[in-house]
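Chains A and B, in that order, give the protein sequences.
The working numbering numbers the first residue of the first sequence as 1 and each following residue consecutively.
The working numbering numbers the first residue of the second sequence as 1 and each following residue consecutively.
Certain hints may be false.
[To be verified] Pairwise CB distance ranges (calculated):
# : chain 1 : residue 1 : chain 2 : residue 2 : range
1 : A       : I108      : B       : P111      : 34 to 40 Å
2 : A       : K105      : B       : R150      : 34 to 40 Å
3 : B       : Q151      : A       : T16       : 15 to 21 Å
4 : A       : N61       : B       : T143      : 30 to 36 Å
5 : A       : T16       : B       : A32       : 45 to 51 Å
6 : A       : N61       : B       : T134      : 31 to 37 Å
7 : A       : N17       : B       : P111      : 35 to 41 Å
8 : B       : Q151      : A       : L59       : 25 to 31 Å
[Said to hold, decoys possible] Below, a list of computed lysine to aspartate or glutamate pairs in the EDC-like style, where the Cα atoms sit at most 16 Å apart:
#  : chain 1 : residue 1 : chain 2 : residue 2
9  : A       : K13       : B       : E160
10 : A       : K98       : A       : E80
11 : A       : K2        : B       : E173
12 : A       : K15       : B       : E160
13 : A       : K98       : A       : E52
14 : A       : K105      : A       : E115
15 : A       : K2        : B       : E148
16 : A       : K105      : A       : E83
17 : A       : K93       : A       : E115
18 : A       : K2        : B       : E177
19 : A       : K93       : A       : E80
20 : A       : K2        : B       : D145
21 : A       : K57       : B       : E160
22 : A       : K98       : A       : E115
23 : A       : K105      : A       : E80
24 : A       : K56       : A       : E97
25 : A       : K15       : B       : D154
26 : A       : K13       : B       : D154
27 : A       : K56       : B       : E160
Hints were generated in silico from the structure; no laboratory data involved.
Virtual Cβ for every residue (Gly too), placed ideally from N, Cα, C.
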Amino acid sequence: MKSLAELQALRDKVKTNMGIRADDSGNTRVVVGMATCGIAAGARPVLQAFTEEVAKKNLQNVTIAQTGCIGICQYEPVVEVFEPGKEKVTYVKMTPEKASQIVQKHLINGQVVQEYTIGAVAGSKL
Amino acid sequence: MQELSLNVLDIAQNSVRAGASLIEITVDEQPAADTLTITVRDDGCGMTPEQVRRVTDPFFTTRTTRRVGLGVPFLKMGAEMTGGSLSIESEPGRGTAVTAVFGLTHIDRMPLGDIAATVASLVQCNPDIDFTYTFRHGAGEFTADTREFRQVLDGVPLSEPSVVGFIGSFIHENTQEVLDTQAS
Numbered sequence: 001m002k003s004l005a006e007l008q009a010l011r012d013k014v015k016t017n018m019g020i021r022a023d024d025s026g027n028t029r030v031v032v033g034m035a036t037c038g039i040a041a042g043a044r045p046v047l048q049a050f051t052e053e054v055a056k057k058n059l060q061n062v063t064i065a066q067t068g069c070i071g072i073c074q075y076e077p078v079v080e081v082f083e084p085g086k087e088k089v090t091y092v093k094m095t096p097e098k099a100s101q102i103v104q105k106h107l108i109n110g111q112v113v114q115e116y117t118i119g120a121v122a123g124s125k126l
Numbered sequence: 001m002q003e004l005s006l007n008v009l010d011i012a013q014n015s016v017r018a019g020a021s022l023i024e025i026t027v028d029e030q031p032a033a034d035t036l037t038i039t040v041r042d043d044g045c046g047m048t049p050e051q052v053r054r055v056t057d058p059f060f061t062t063r064t065t066r067r068v069g070l071g072v073p074f075l076k077m078g079a080e081m082t083g084g085s086l087s088i089e090s091e092p093g094r095g096t097a098v099t100a101v102f103g104l105t106h107i108d109r110m111p112l113g114d115i116a117a118t119v120a121s122l123v124q125c126n127p128d129i130d131f132t133y134t135f136r137h138g139a140g141e142f143t144a145d146t147r148e149f150r151q152v153l154d155g156v157p158l159s160e161p162s163v164v165g166f167i168g169s170f171i172h173e174n175t176q177e178v179l180d181t182q183a184s
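The shape of chain B in the complex, shown without the other chains:
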């Protein structure tokens, strides 16, 4: 994976498979602390402490089709390479939160990449699940929330191609707005 946003897409698939009805993605850039924190939180089926312990092992997976599961190990490696860390909080029946902390300016930190495309793809492929995407930079932030979009859409599916395009641009433009405000 060449972009962190691809890791986010991959990790969020686990939340989809966990039967989540709400998936909350946060990208939090704090220049003062030199951290980039990515969180994927869901209200899906959760994991037992034993599963949480083993999920960073590439040779652990709950699938029966093959014996490897690389999503979480990739993210962990990416975070640790930059002096950061990965942590998982989970409770069976309640949900899971995966948090990865990266060194914001560390030379080995992968670029965030096209996070708008990641969120748009997730919404498109899972129109029955609600997603929030929060971007924070310093003190500035914005949130895109499919529950709000759904209300406006009044029955038009979130997976409608033109709606998917809107969500992508909505995230792009609001991210830029936060960055511009914080820079000035």
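Pulled out of the complex, with its shape left as it was, chain A reads as follows:
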């Protein structure tokens, strides 16, 4: 049974790791669209997958956040990745599986997963 004592132990562990992290202005931001359209299309498991992968890989420089509807509801779930000093990358029709690939390839190895970007997905429809 989870108790607050367990949270206390978790806090101490996180605090030890946090010492290295000065501020988060240099962080990569992963933003998940969480309006009605995004949620209905499956944004919550995508957000969960990003969170779990980032925790599992112990990435200290990634912030996960949400946004509202950005107006491309037909491409939801939509995830935007903002890296300091780089162009925003927009991933569309996301799934938890794609999320874990993006964590490994994009966030860790620095390679944009082109096939899941809005350019590739929208382009293939023409």
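Based on the hints, put chain B in the right spot on chain A.
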């Protein structure tokens, strides 16, 4: 939406946008009365009586980016399909409470789904807002309260991925505990 917990996630976003500092979510299952009641209560900016009247209209929204707002209408439809109802209490400057009553065993009632993931997602994305989640089944209940978590965390943000994971499991396990106790 295939799960009520997704509707809860969606409705709670309205509370976030209303500038709430405390959002209280309750799921109350009463087998004897055959009801499942979901409440999302906030201390945000509230609505005028005119807005309350129109918020269940899918073609009403306060956003300027488009002309539809489907969150509340979806929840209302889901409740009414099961012989239940939706009600909204709101006062400008005080906050809003949205209550949806469902027929607990009605065949058309959507499953509650992963409510722990809903609450964890809300906390993660809005670490500056406080949330409570109360689950009630018959006479048994428990509450998860981010104000308590915050005290223990002592400066570690609620959005920390491992903390988010803790909150999810905390809700899962305590829900199971309430259900097991009530069943025995």
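Tell me if the straight-line CA distance from K56 of chain A to E160 of chain B falls inside 16 Å. Given that 16 Å is the threshold and the Cα spacing comes to 12 Å, the pair holds.
Are K15 of chain A and E160 of chain B close enough, with their CA atoms no more than 16 Å apart? 11 Å, holds
Taking the CB of N17 of chain A and the CB of P111 of chain B, does the distance hold inside 35 to 41 Å? The hint (35 to 41 Å, Cβ to Cβ) holds, given that N17 of chain A and P111 of chain B are roughly 37 Å apart.
Mind checking the hinted window 34 to 40 Å against the Cβ distance between I108 of chain A and P111 of chain B? For P111 of chain B against I108 of chain A, whose Cβ atoms are near 36 Å apart, the range 34 to 40 Å holds.
Given the range 15 to 21 Å, decide if the beta-carbon distance of Q151 of chain B to T16 of chain A lies inside it. Holds, since Q151 of chain B and T16 of chain A (Cβ atoms, about 20 Å apart) stay within the stated range.
Proposed proximity, E160 of chain B with K57 of chain A (alpha carbon, max 16 Å): 13 Å, holds
Proposed proximity, E80 of chain A with K98 of chain A (alpha carbon, max 16 Å): 13 Å, holds
Range hint 34 to 40 Å (beta carbons of K105 of chain A and R150 of chain B) holds or violated: Check passed, 35 Å falls within 34 to 40 Å.
Between K56 of chain A and E97 of chain A, does the CA-CA distance stay at or below 16 Å? Holds: K56 of chain A and E97 of chain A sit about 15 Å apart, inside 16 Å.
Hint check: K15 of chain A vs D154 of chain B, CA-CA at most 16 Å. Holds or violated? 10 Å, holds
Between K2 of chain A and E177 of chain B, is the straight-line Cα distance small enough, at 16 Å or below? Measuring from Cα to Cα gives roughly 11 Å; hence the hint holds.
Taking only the CA atoms, is the gap from K2 of chain A to D145 of chain B under or equal to 16 Å? 14 Å, holds
Figure legend: structure checked against the earlier numbered hints; every hint is met.
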